[in-house]
Each structure stands twice: as structure tokens, then as C-alpha cells.
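Trainee: Mapping the sequence shown onto UniProt numbering, position 8 (from 1) lands on 8, and the numbers just tick up by one.
If you are wondering where the hints come from, they were derived from the structure by calculation, not from laboratory data. Glycine included, C-beta positions come from ideal geometry on N, C-alpha and C. Nothing false has been slipped in among the hints.
For each label pair, taking beta carbons as the anchor points, the in silico distance ranges come out as:
(1) Arg129 with Gln99: 27 to 37 Å
(2) Trp136 with Ala74: 22 to 32 Å
(3) Leu6 with Val128: 42 to 52 Å
EDC-like cross-link-like pairs, simulated, lysine to aspartate or glutamate; straight-line CA separation at most 20 Å:
(4) Lys173 with Glu75
(5) Lys175 with Glu75
(6) Lys173 with Asp228
(7) Lys175 with Asp228
(8) Lys173 with Glu82
(9) Lys175 with Glu82
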Amino acid sequence: MFQDTLQLMPLWAFAAAFGVTLVAGFVKGAIGFAMPLVMISGLSLFLDPLVAVAGIVLPIVMSNILQVMRFPLAEAVAALREFWRYILVVCVMIVIVAQFITVIPTQTFYLVLGVPVVILSLVQLIGVRFHIAPRWRRPSEWGVGFVSGAIGGLTGTWGPPTVLYLIALDTPKAKQMLVQGVVYGLGSVSLLAGHLQSGVLNAVTIPWSAALLVPAFLGMQVGFWMSDRMNPVMFRRATLVVLVIAGANLVRRGLIG
Numbered sequence: 001m002f003q004d005t006l007q008l009m010p011l012w013a014f015a016a017a018f019g020v021t022l023v024a025g026f027v028k029g030a031i032g033f034a035m036p037l038v039m040i041s042g043l044s045l046f047l048d049p050l051v052a053v054a055g056i057v058l059p060i061v062m063s064n065i066l067q068v069m070r071f072p073l074a075e076a077v078a079a080l081r082e083f084w085r086y087i088l089v090v091c092v093m094i095v096i097v098a099q100f101i102t103v104i105p106t107q108t109f110y111l112v113l114g115v116p117v118v119i120l121s122l123v124q125l126i127g128v129r130f131h132i133a134p135r136w137r138r139p140s141e142w143g144v145g146f147v148s149g150a151i152g153g154l155t156g157t158w159g160p161p162t163v164l165y166l167i168a169l170d171t172p173k174a175k176q177m178l179v180q181g182v183v184y185g186l187g188s189v190s191l192l193a194g195h196l197q198s199g200v201l202n203a204v205t206i207p208w209s210a211a212l213l214v215p216a217f218l219g220m221q222v223g224f225w226m227s228d229r230m231n232p233v234m235f236r237r238a239t240l241v242v243l244v245i246a247g248a249n250l251v252r253r254g255l256i257g
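Make the full structure from the sequences, and use the hints.
Mentor: Spelled out as C-alpha cells, the structure:
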């Protein structure tokens, strides 16, 4: 069975995947999100999309547990109570949409991966800000949650819509980091359950995903250390530029193969 896992890809691809995951862990630790985006954008450049999605699942679960554990339990519970509607619809949509991942044509899958990466990264990069008035908060929870969960079920990443949503609510930075951890943490459990059901995670791909826990953990520790020693605005902009380039390449592959 382990032999089958080793046959998923050549040795150089395993090494490259470790490097991509190390960078993704660093980004996650430094700015609190974008780990799935970095991983899926990077891994999909040289791996089958379904193998890439399988690889990101366990690192996503672990990284979000680590992020939430940096805050007191009472604050995490308060965030869960405040955002329970958004979290609920995200989790439900992830489980439902994940079941369709194995029937999507490869080129369509690349477009589904690439277009949200490019659009959402560009929106943040150019500094577009949205504001959600209090009377529109409940409808926006369901609407944005629906979109985030659908994207998450297909691509393994629902961070950018969540970040934009929290920014539109004028959420303070510290609280935003906490809410992201809670949303991503519970969503990642749904992603795990969804892909166990879809078959993307199986006896062959689970060891592959588990192997990526090591570089993800190491990258996060460095990211946590660096987060207080660097300009987060400039680093976030550089990260978004990389995501735009990677996402554009995915779109290219989806359009012309």
C-alpha cells in the first residue's frame, strides 16, 4: 500500500511538494491564511489536480488547529457563536460540492482553480474594499458562505472570500485572525469528511497528505516567528502577486492545455 503511495509521482515531485508546502506553511503562520491557495496553486503546476487536492487536506486541518490554539478557548467559542451561520453554510457546501470533484474534466478543474485565485487575489491586491451594513449582515452570511463553501469543496480553499467578508465587516485584525482560524478549522474538518466520502482521500493518498504535515508544521513555526518581525502589508502584497501569477498559469492550462 505504501508502495502505491510512492508511485503517485516521481521523487523530484515529492521534493518539490515539500518545498511548496514549506512556503505555504510560512505564509499561513505569517498572515493567517492563504495556505490552501499557495499549496493548490503550486502543487497543481506539476501534479494531477486530484492528487494536489488530496495532499492539502491534512496540512489544512493541522494548520488551522494550530492557529486557533494561539487564542484563549473563550474567545474561540465567542467567535463561533457570532459567526455560526456563516460557518454552517460553508461546512455544508464543502461536503456537498466535494462529491462532484471526481467528475469534473481536468481543464475545467484548472479553470475552477485558477479563476478564483486570480480574481480574488487581484481584488485584494488593488486594495478594493467593501462594506457590509448591519442590515445586510445576515443575508451576506448565507450568500458569501455559499460561494466560499462551493469554492472550498472543489479547490480546497475558501480563504479569500472569508477574508474579504471579514474586511467588509470592519473586523479588527486580532479578531480577524481568530475568526479565520475557527472558520478554516471547522471547514477543514468538513473538507476531510467530504473527500473521504468522494474517494479523493483513500489508502494511497492519505499517507501522501500526512507526509506534507512535516513541512507544513515547520513552515508555520517560522511564519509565527516572523509575523512580529516583518511588514505584514508588504509581505501580503508579495504573496498576492505570486498567487496571481500561479493562478494565471492555471487559467492558461485550463484554456489551452
